[in-house]
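*Asks:* Since the structure of chain V is provided, determine the placement of chain G on it from the hints.
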Amino acid sequence: MHTLFNLTLVAYIIAAIAYFTGAGFKHEKIQKYAFLMFVAATIAHIAYFIWRWWAKMDVLDLTFLTAIPIRGAFEYSMGFALVIAIIVILARPKMPWIVSAGLPAVVVMMVFAATRNMEIHDLMPALRSPWLFVHAGTGVVAYAAFAVAAVCGIKYLSKLKKSEDEESKTMLQIDRMSYRAIVFGMLFFTVTIISGSMWASDAWSRFWFWDPKELWSLITWIFYVIYLHQRLRKNWRGKRTAIMAIVGVGLVLFTWLGVNNLLYGLHSYS
Amino acid sequence: MKKVFMFVRSMKFGLILLLVVIAFSVAGSLIPQTFEDTWYLENYPSFGEAILALGLHRMFSQWYFIVVSVLLGASLAAAAISRFMALRKLLQGVLVVPESGYRTDELVASKVSRLCTYLQKKRYRELNTGEATVYHKNRIGYFGSALVHLSLLMILVFGGLVLGLSYYDDVLLLPGETAELSDGSTMHLHSFTRRDPITDRIESISVITVSTPDGRTSGAREIRVNHPLRFNSYAFYQFHHLYAGSITATDVTTGGRDTFYLTERSFLSADGRTGIWFETVFQGWTMEEETGRIIPLIYDAPIFPDPLYYVLIMTEHIHEHRFAVPGTHIYVGSLRFDFNELINYPGIRVSFTPHPFPALLLAASALLMVGLFLSFYLTPVIVVIKDGHYKITASKSSGIELEIVAMLYEGEDIPKDTPDDEQVKIPENQEREVDI
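Keeping their order, the protein sequence lines are chains V and G.
Sequence positions in the first sequence follow numbering that gives the first Met the number 0 and run 0 to 269.
Sequence positions in the second sequence follow numbering that gives the first Met the number 0 and run 0 to 435.
Because the hints were derived from the structure by calculation, they are not lab data.
Using N, Cα and C, we set each Cβ at its ideal position, and we do this for glycine too.
Possibly wrong hints are sitting among the right ones.
Claimed, not checked - Derived DSS-like pairs (lysine-lysine); straight-line CA-CA distance at most 30 Å: (1) V:K93 with G:K11; (2) G:K11 with V:K233; (3) G:K120 with V:K212; (4) V:K158 with V:K168.
Unchecked claim - Chain V side only, calculated, beta carbon under 10 Å to chain G, not exhaustive: (5) D60; (6) L64; (7) P124; (8) L171; (9) W203.
Just chain V, with the same shape it has in the complex (with noise of 0.2 Å):
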């Protein structure tokens, strides 16, 4: 079944190609046609996801919450590219730009998955808990939204490079879509954090340990309040915003994986 997964990345791959070929020679059937593509990948990547959540229930015995194929890298990345993916074909009617922005996020999240060790392996007794479904399904959606965000400020800066006028009508839609994509993730990844908690007062015996994953989920969060702060308050905008979006991926990257790697703590495992 690992196959089909290996058809979606290639699928993912050749439509991001075909895309951005059609882009550069401005052949918007071409356009069209990769965005099809994109679809049947993104239609595929649900049914890998699907079929790993059933296979987990039947072969490891798992409950339905806690059977959830997002644990480890190879399945956090794989969900964190899907959640992508479905955010790039909802907005794509109203924002088309966004499909330039989103693909190769989705590209370079499932080739980073297909690094990664696929094999389903079972779940330790700590992590076979209904909060599993809670707390890391809404901290991938979360991601995602943030790399969603992330990639329009990227758009965002690309276009001003290209002396595209700020008031134009794309650049407020970039612009917005990356604010909605923050208050998404925001709300997201508050319930990541409180049900984080709540599940470490259940597994650990406290709902804080100030652990390095905990401390840089806080050190995220906390930045993307100030962004909201600067955004609601004195109405920043713009080329400011889209900076911070990135810099917020970079704070998500980090405490995803670079907490991982480089820190010791009680999330090691994850």
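*Replies:* Just chain G now, kept in the frame of chain V:
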């Protein structure tokens, strides 16, 4: 006093404090917390002493972090108070309608009609003041920011109380043993297993009973990871497991026998003179091919793949160290000592958290989610149409003004006369209150 309040509630002060918290968090993640003092001296030879002197190894319970937390609490309290004060009029059913700051692009009658239809379609509430028509929506959204600040203050206070007032202790018990807690309650361990009997998965499971001095009891309850027993402000967690040696001593003359679980150096004897000293159990062993000597092995991980007992045989004439593997036995005088397979025993964490702070912490978390939702997704909007001009009062980030202007000028050039920030700020004497 007012100046102090204004400073404490200012966003600049709040943001500075958040940046300080970020700095502490970065440092706290780079310097592992709450290890033994010697660990820092060994691992950071050049600045280990500085870490200890500054208390950076227990940074989040140091006075300087507590001061920052208190200031952050004050900032959140001031922000919440000022936001609730601003909501007083709204709570009294009053809507503040601006008297100036209207867009300069005058609407023709058809556009006024289109705007009204659009707002009605979007389910705005309509209010006619005589001079102006007011449309408003999502008044509840005004509470969002106040609730967010209040709930964060609650999380800070209750979280601080939970962390400060709660404590825990790790108790090691062998099956059949009872431990007494600080308030006189007791915890009895009935059994411990390393395998779930239903799923056959490896998992530590203890069965315990907790009794209070006044006679209340939890009954025999199973605890395992993610499933603690909460009883009388205590929570009992299956935390880890350890190994104990197991030796059965049989008196061959009387036939009497007893099994001992051993975790530390102990002397097993019938008369106090003849018997064996249990020294330890090694995790593994290997044999030197040439000499046939047994070499005990110690691993970093808490595993015992090939356990090896190490004992001292003691009689009147003999003092001799011996190795023994499980399944073998030794005779010492009239006693036979059988070396059994190791047994597991649990480390149970007993945590005390005073009521009702955990529940209040959860309530504050729920309130935070409500506040964030109101702030982000129920943005309050007021649209006033007056003398062919209109004014939209809404957060710019909501994009509602853009939507409305785009709708009004669909297919046309949008006049570049959107009020700037100065115009949006309505002086107090240019506002009028309308009952709603």
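*Asks:* The structure should be examined with respect to each hint, and the outcome stated for every one.
*Replies:* Hints, verified against the model:
Restraint check for K93 (chain V) and K11 (chain G): not satisfied, since their Cα atoms lie roughly 37 Å apart, outside the 30 Å limit. Among the hinted pairs, K11 (chain G) with K233 (chain V) is consistent with the structure: their alpha-carbon atoms are about 11 Å apart, no more than 30 Å. Restraint check for K120 (chain G) and K212 (chain V): the C-alpha separation of about 47 Å exceeds 30 Å, so the hint is violated. For a cut-off of 30 Å, the pair hint linking K158 (chain V) to K168 (chain V) stands: about 12 Å separates their Cα positions.
Proximity of D60 (chain V) to chain G holds as hinted, the smallest CB-CB distance being about 7 Å (cut-off 10 Å). Because the smallest distance between the Cβ of L64 (chain V) and any Cβ of chain G comes to about 12 Å, over 10 Å, the interface hint for this residue is violated. Nearest Cβ of chain G to the Cβ of P124 (chain V): about 5 Å, under the 10 Å cut. The hint holds. Among the interface hints, the one on L171 (chain V) holds; its C-beta lies about 6 Å from the nearest C-beta in chain G, closer than the 10 Å criterion.
A hinted interface residue such as W203 (chain V) counts as satisfied when its beta carbon comes closer than 10 Å to some beta carbon of chain G; here the least separation is about 8 Å, so the hint holds.
The structure does not agree with the numbered hints 1, 3 and 6 stated previously, though it agrees with the rest.
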